[in-house]
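Following the hints, put chain P in place on chain A, whose structure we already have.
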Amino acid sequence: MDIAERTVYLDHAATTPMVPAAVEAMTAHLLEVGNPSSLHASGRHARRVVEESRETIAQALGCRPGEVVFTSGGTEADNLAVKGIHWARLAEDPRRNRVLATAVEHHAVLDAVSWLHEAEGAEIELLPVDDRGRLVVEALRETIERDPASVSVVSVMWANNEVGTIQPVEDVVAIAAEHGIPVHTDAVQAVGAVPVDFATSGVDALSLTAHKLGGPYGVGALIVRREVVVTPLVHGGGQERDIRSGTIDTPAIAGFAAAVELAVKEQAEKAARVGALRDDLVRRVVDVVPDAHVHGGALDPLGVHRLPGNAHLGFPGCEGDSLLMLLDARGIECSTGSACSAGVPQPSHVLLAMGCDEDQARHSLRFSLGHSTTPADIDAVVEAIGPAVERARAARVR
Amino acid sequence: MKLLAAMSGGVDSAVAAARAAETGHDVTGVHLALSRNPASYRSGARGCCTIEDANDARRAADVIGIPFYVWDLSDRFHEDVVEDFMDEYAAGRTPNPCLRCNEKIKFAAVLDRALGLGFDAVATGHYAQLRVGPDSEGGLIEMHRAVDDGKDQSYVLGVLDQEQLRHAVFPLGGSTKAEVRAEAAERGLLVADKPDSHDICFVADGDTPGWLRDKLGDRAPNHGGAILDEDGAELGKHDGTYGFTIGQRKGLRLGRPAADGKPRFVLDIEPVSGTVTVGPREHLAVHRLSGIRPRWCGSVPVRVEGTVQLRAHGTEHRAVVAVRDEDVEIELLEPAYGIAPGQAAVIYDGTRVVGSATIASTVRA
Numbered sequence: 004m005d006i007a008e009r010t011v012y013l014d015h016a017a018t019t020p021m022v023p024a025a026v027e028a029m030t031a032h033l034l035e036v037g038n039p040s041s042l043h044a045s046g047r048h049a050r051r052v053v054e055e056s057r058e059t060i061a062q063a064l065g066c067r068p069g070e071v072v073f074t075s076g077g078t079e080a081d082n083l084a085v086k087g088i089h090w091a092r093l094a095e096d097p098r099r100n101r102v103l104a105t106a107v108e109h110h111a112v113l114d115a116v117s118w119l120h121e122a123e124g125a126e127i128e129l130l131p132v133d134d135r136g137r138l139v140v141e142a143l144r145e146t147i148e149r150d151p152a153s154v155s156v157v158s159v160m161w162a163n164n165e166v167g168t169i170q171p172v173e174d175v176v177a178i179a180a181e182h183g184i185p186v187h188t189d190a191v192q193a194v195g196a197v198p199v200d201f202a203t204s205g206v207d208a209l210s211l212t213a214h215k216l217g218g219p220y221g222v223g224a225l226i227v228r229r230e231v232v233v234t235p236l237v238h239g240g241g242q243e244r245d246i247r248s249g250t251i252d253t254p255a256i257a258g259f260a261a262a263v264e265l266a267v268k269e270q271a272e273k274a275a276r277v278g279a280l281r282d283d284l285v286r287r288v289v290d291v292v293p294d295a296h297v298h299g300g301a302l303d304p305l306g307v308h309r310l311p312g313n314a315h316l317g318f319p320g321c322e323g324d325s326l327l328m329l330l331d332a333r334g335i336e337c338s339t340g341s342a343c344s345a346g347v348p349q350p351s352h353v354l355l356a357m358g359c360d361e362d363q364a365r366h367s368l369r370f371s372l373g374h375s376t377t378p379a380d381i382d383a384v385v386e387a388i389g390p391a392v393e394r395a396r397a398a399r400v401r
Numbered sequence: 546m547k548l549l550a551a552m553s554g555g556v557d558s559a560v561a562a563a564r565a566a567e568t569g570h571d572v573t574g575v576h577l578a579l580s581r582n583p584a585s586y587r588s589g590a591r592g593c594c595t596i597e598d599a600n601d602a603r604r605a606a607d608v609i610g611i612p613f614y615v616w617d618l619s620d621r622f623h624e625d626v627v628e629d630f631m632d633e634y635a636a637g638r639t640p641n642p643c644l645r646c647n648e649k650i651k652f653a654a655v656l657d658r659a660l661g662l663g664f665d666a667v668a669t670g671h672y673a674q675l676r677v678g679p680d681s682e683g684g685l686i687e688m689h690r691a692v693d694d695g696k697d698q699s700y701v702l703g704v705l706d707q708e709q710l711r712h713a714v715f716p717l718g719g720s721t722k723a724e725v726r727a728e729a730a731e732r733g734l735l736v737a738d739k740p741d742s743h744d745i746c747f748v749a750d751g752d753t754p755g756w757l758r759d760k761l762g763d764r765a766p767n768h769g770g771a772i773l774d775e776d777g778a779e780l781g782k783h784d785g786t787y788g789f790t791i792g793q794r795k796g797l798r799l800g801r802p803a804a805d806g807k808p809r810f811v812l813d814i815e816p817v818s819g820t821v822t823v824g825p826r827e828h829l830a831v832h833r834l835s836g837i838r839p840r841w842c843g844s845v846p847v848r849v850e851g852t853v854q855l856r857a858h859g860t861e862h863r864a865v866v867a868v869r870d871e872d873v874e875i876e877l878l879e880p881a882y883g884i885a886p887g888q889a890a891v892i893y894d895g896t897r898v899v900g901s902a903t904i905a906s907t908v909r910a
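Protein chains in written order, with the numbering used here: chain A, 4 to 401; chain P, 546 to 910.
Next up, chain P with everything else stripped away, as it sits in the complex:
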């Protein structure tokens, strides 16, 4: 196969590319330039990691012995991921830009261009496993959780449909992170010890509320909105609803403790009035939720008795999912806490990813 290996400059994508090349595929490495202002000496913005990452990816490609290019996806990324991220926060929701990037950039814009240029598939360093499903089910490609529970990234891939999965290769799904690091060192890849990235890639310093404050500007009109308790009593003011996520406990900066002395959590965000409601943890308990914009990895199910994962690195919840035309209804068999609209509900049958939907609303007890 002719494979396009997306190389971020990190250890995972470097080892993924190396494995793909070693198994005899014709591999070309591509680093995706996603920032509109790549930190170059020319623009004067030193200190951002973009150029270093591109160079790390280039050096990894040298060591593996594959051609390497940088593709400028900055306009698409800005339109499809960054602007969506801002819109979602402005609307009081909590988006996950990594899913969006996988759906719209890596396995759409990049994959389309790759297919057009004569490649057969895109390989990435995601931790997830692909396998061919039973013939009785039409021989569809199934996506399963990675063997490394701690690293499993099937959640952020839950937006991929069958067509995208048919053109995806995840060489790391069967390995643990420790194995991948050791292998990187063995292969002489200089990124073997490079720390994992955790933060949102386009928020350089990791301060998401600060970033949103800068970027949203006038679109964050709720500065000075009220923080209320469930009885409507005002507990304080805030700088804008974008600073809050359902289930958030830290950074509420409430002057006085609750009457019962228990910690308080964000229960609701009302983006129009700018009201943030807080209350005790037990009032966060969600029993049902509805999801919109469902995406299915294979054939569309009618009903799934399985599990759902409601945030990246979150736990699984046993659930029954009823599928309708445009949306899904998810009944949780035990309550989940701190569920934020905008996040994805990824639906699993055992280790297999069935699909996903964007959480639109939740029903508490």
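The following block holds chain A by itself, in its conformation from the complex:
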């Protein structure tokens, strides 16, 4: 059996298989020459592909085409938003040196924010979350109102990558708007999984990436309102609204647009299907391992509180690492959900922020389902999880 045949892939939050429409759109342009910035016919052709892709993405996400700034992916989009908006706002008014973000942001936001603190003396406040990983809105209000004029930017993710909790972005926007403070949201996990509409949301900037929604690696976008000034991170030809430089990757962008279009079109149907599979997975795993428990928001297949594809489960008495390895040996691929540096698992900052202790933070597994997940995948997990948990417990107490 080759790897594809025996693999039960339940790590869609890490990356998801490309959809055929995206592969076709991308490969259609791989053999074509033409820099979209060139003035000749080949350049014009490439430019047309890029601009049509931009329009497709804008249409799907409820923004204007001119608001789509292509980047190399979610991490660059997050860095561009947090640093770029902070720098621009601080340049306008030196009092604005305070950056707010939740304690459960992805490292692409958290590390950008801490870098602003360490390298540039920005004041950082990480906002608390409740035991389900949801921002405590009142804490945000208090933090802003203590000194609204000093806040440069607020960054609150749309949905958490580890535990799947959907954040109250509406409330954040409402509070920030009272003081004219821009809001960035990292929607890398949300687009295609739950309804995301840029204009309706009221946020000023939104990050997304292609490879989490059926598109290729290495391309993403920051959607940013025309009125928001963003200081660039990457200088050069100024290809993307003078906010982002670098030769535009036409084939990747074509694949990205095809993936976004399909993911948004199929979002509701997919959420219902994947959500039902996820609920089935959780219910049956808890049947087999009665003390397993769900971290994060309530299970709701429509994704009001939690991403439909996310099942983050704690297995008391087990090391998440051990479980991952035992399941991997059975061809079941998931994640401990924690940040890895050099493969050394650190206890998850998300779970710690939710009030788990280090032990609880280490005994968890994240199964993330997606467009390719089937009922047979769930059966495979249910069959393997009992013996794996037993083994992992034995390995720990010996």
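For the record, the hints were derived by calculation from the structure and aren't laboratory data.
Each hint can be trusted.
Simulated restraints on C-beta separations: (1) Pro378/A to Gly733/P: 38 to 44 angstroms; (2) Arg399/A to Gly610/P: 24 to 30 angstroms; (3) Leu33/A to Asp759/P: 53 to 59 angstroms; (4) Asp706/P to Gly320/A: 26 to 32 angstroms; (5) Thr377/A to Ser844/P: 54 to 60 angstroms; (6) Gly610/P to Gly69/A: 45 to 51 angstroms.
In silico contact screen, one side only, chain A against chain P (beta carbon under 7 angstroms); selected entries: (7) Ser325; (8) Met328; (9) Arg394; (10) Ala397; (11) Ala398.
Positions of the beta carbon are idealized from the N, C-alpha and C atoms, including for glycine.
Using the frame of chain A, we list chain P on its own:
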């Protein structure tokens, strides 16, 4: 067998894992993360080799074609090895952390976890040979020196008991280092030319006294202790007893030469008063020593007429070992020099490792 191959990122453990996989075992590679602060870009501590080593191990596993994981043993390693190392130095002894790591980490914490997870044994790149002993002796697993005298690592494995040896696999014991390097190159392992590690792994720059000075802090209270000759005359002051090992000659920084013009060596370290006594080499001659915390590879002997090795890469000394309940008495048939309490005395019968004990005290002429 389902084997867990401990892969350090070096050439030896890579070839050991490759050989184990080739002989048909179901092998999984594991790199042990032993540092509490793995040098990651996130923590900002660049320059340490930990991440590079983990990546080297990962690439070797890719080439061999086995699954690979990193296990975080940093807390256990710190408690069982690093803290013990500091305590021993603070007490004026000279520990060998590699033996401690083999006894407490590789063939205890790691082995236990591996067995729990369904593995049958742990394979490492140590140079030592295992073979099944005679039926008349109960068919115990015997550990022998490696064929490569220069690389033999049976000394640092002398703390393993029968239960640990039954779950150990050393695929390199029958090869020379040169053969292993050549084989690594042949197998396309990129670590084929990677230099051997010699220093203590957790002392990144190899400056053990400097490391101890930093780490011991207030626990190294003997700063400014006296360096005396055997008549009690003060020859100088020192920065702390942790900087000294019995038998040490270099770095004493004595102002004036000895009256007889001969080099002087550390004879004694008194951790409470902080006094370090120096004298001529002949006064280092040890004829008897007692060892505590004996560990036996097989059945417990009563008396061994064989040899002992008293430090890593040290020579063998002919000896008679008398075994008591909690300790051993070792009579050396010819004197040994520079024997430091805290080091292990590993006892051999020919090439076979009988066991080991930690040197507690020595008797000079």
